[in-house]
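Engineer: Read off the chains here:
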Amino acid sequence: MSAATPSQTAGPYWHLIDFPEWADLLREDGPNAGLAGERILLTGRVTDGDGAPCPDVMVELWQAGPDGEYGGAFHGFGRCATDAEGRFRFVTLRPGPVRGRGNAVQAPHVTLSLFARGLLRQLVTRLYFAGEPLNETDPVLSAAEPERRATLIAQPAGGGEWRLDIRLQGEGETVFLEV
Amino acid sequence: MSDPAGYRLPAPGTQPPYDAPDYGSTRRRHPTRPLLRVPHTPTEVSAPRMDPARYPPHADLSKLEGREGLGERIIVAGRVLDEEGRPVRGAMVEVWQANAAGRYHHPGDTHDAPLDPNFRGQGRVFADAEGRYRFTTIRPGAYPWRNHHNAWRPVHIHFSLFGAGFAQRLITQMYFPGDPLLPLDPIFNSIPDPAARQRLVARFDLDVTEPEWALGYRFDIVLRGREATPMEDAA
Ligand SMILES: [Fe+2]
Chain B
1 MSAATPSQTA
11 GPYWHLIDFP
21 EWADLLREDG
31 PNAGLAGERI
41 LLTGRVTDGD
51 GAPCPDVMVE
61 LWQAGPDGEY
71 GGAFHGFGRC
81 ATDAEGRFRF
91 VTLRPGPVRG
101 RGNAVQAPHV
111 TLSLFARGLL
121 RQLVTRLYFA
131 GEPLNETDPV
141 LSAAEPERRA
151 TLIAQPAGGG
161 EWRLDIRLQG
171 EGETVFLEV
Chain G
1001 MSDPAGYRLP
1011 APGTQPPYDA
1021 PDYGSTRRRH
1031 PTRPLLRVPH
1041 TPTEVSAPRM
1051 DPARYPPHAD
1061 LSKLEGREGL
1071 GERIIVAGRV
1081 LDEEGRPVRG
1091 AMVEVWQANA
1101 AGRYHHPGDT
1111 HDAPLDPNFR
1121 GQGRVFADAE
1131 GRYRFTTIRP
1141 GAYPWRNHHN
1151 AWRPVHIHFS
1161 LFGAGFAQRL
1171 ITQMYFPGDP
1181 LLPLDPIFNS
1191 IPDPAARQRL
1201 VARFDLDVTE
1211 PEWALGYRFD
1221 IVLRGREATP
1231 MEDAA
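Residue numbers (the numbering used here), protein chains in the order written: chain B, 1 to 179; chain G, 1001 to 1235.
If a hint is listed, it holds; no wrong ones were tucked in.
For the chain B half of the interface with chain G, some residues (derived, Cβ under 7 Å), not all of them: (1) Met1; (2) Thr5; (3) Pro6; (4) Ser7; (5) Pro12; (6) His15; (7) Pro31; (8) Asp48; (9) Gly49; (10) Asp50; (11) Arg117; (12) Leu120; (13) Val140; (14) Leu168; (15) Leu177; (16) Glu178.
Here are some chain B residues the structure puts well away from chain G; computed CB gaps all over 10 Å: (17) Asp24; (18) Leu41; (19) Gln155; (20) Asp165.
Hints in this document: simulated from the structure, not taken from any laboratory.
From the three backbone atoms N, C-alpha and C, an ideal C-beta is built for every residue, glycine too.
Chain B with its partners taken away, still in its complex shape (with noise of 0.2 Å):
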């Protein structure tokens, strides 16, 4: 047995893996192209110790589908480049609640990954959906301290859009997984 290779940082130039199409996942040439369930926007914005925006961040996106499987026909996965005011935005379907550990039920939860210059490894985070009430039982939600759930849960901004802000340092700092 050997050991997994160490994680090195994506550094600043991994735009020349970033394909724009892949933050919808949605579009009409896509692999969900046609399937039923509530669209949605995610969108939020990434900020440093400082609270100065992260302009070179590769988010990726990890969800089931509507009908809360990772294996069906939805293709659950995004990737954004965050923009010069650290802002990032994918188009998707909202995810239905995830079988959990044991008899848990996990609430309806897209997994974020974040990459850039000065991370040596991802910094991954959950966003979950205000207002849903499997959030008050979601076993990650629960073992998150309470002062610091906000962090995971995004706001109703209108129109179908939820919103997230990250902050991966200081003040209101995000709640970041071991995974």
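Keeping the supplied structure of chain B fixed, place chain G with the ligand upon it in accordance with the hints.
Structural biologist: The following block gives chain G with the ligand in isolation, referenced to the frame of chain B:
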């Protein structure tokens, strides 16, 4: 229904920390609060199916529209395995790199070195049933960065891998044997365990080398393995 077997956490010292003081960009970007450990669920053990029909392979970076890029043509080949030594079949491998002069085809790269109109530096290949992958490229050049006085990155190729589980997702860099910049590089040396660090250095391989064509380098990549399958819940 029984729970899925999770992926093992990395062996101590084999992965870099978030806070690496010698690498200046980590200073304002590393989390200061402990990470929240998540027991693995379908979210962590499933992964997107990266189908070559949707994500077309591009295994020859050495040419652009049939025209040869400048520099030393090389072949990079290896296997994608898990920690038990099993091939990760179908793993998608993305690569990107600087050109032979040490310049990225990227608007943010302002290094005073020539761009090559026939070299872009981006590729995508898939591991076969034995975990084998292979691509042809141009040996990249070293380039300066502003981390500290007279800082130069060792020659490297960036790798991005998608395995069978989300928890296996990996971005890393492949280095070249004998590079005098390796002992000086804060990114390479951020990995505490020297043996783990050395696994990022490809080795020259005459079996990968093609006569009258290109030198070959071997770079095997190991993705996280799974815990032993848990027992069915006693009911
Ligand atoms: Fe680089």
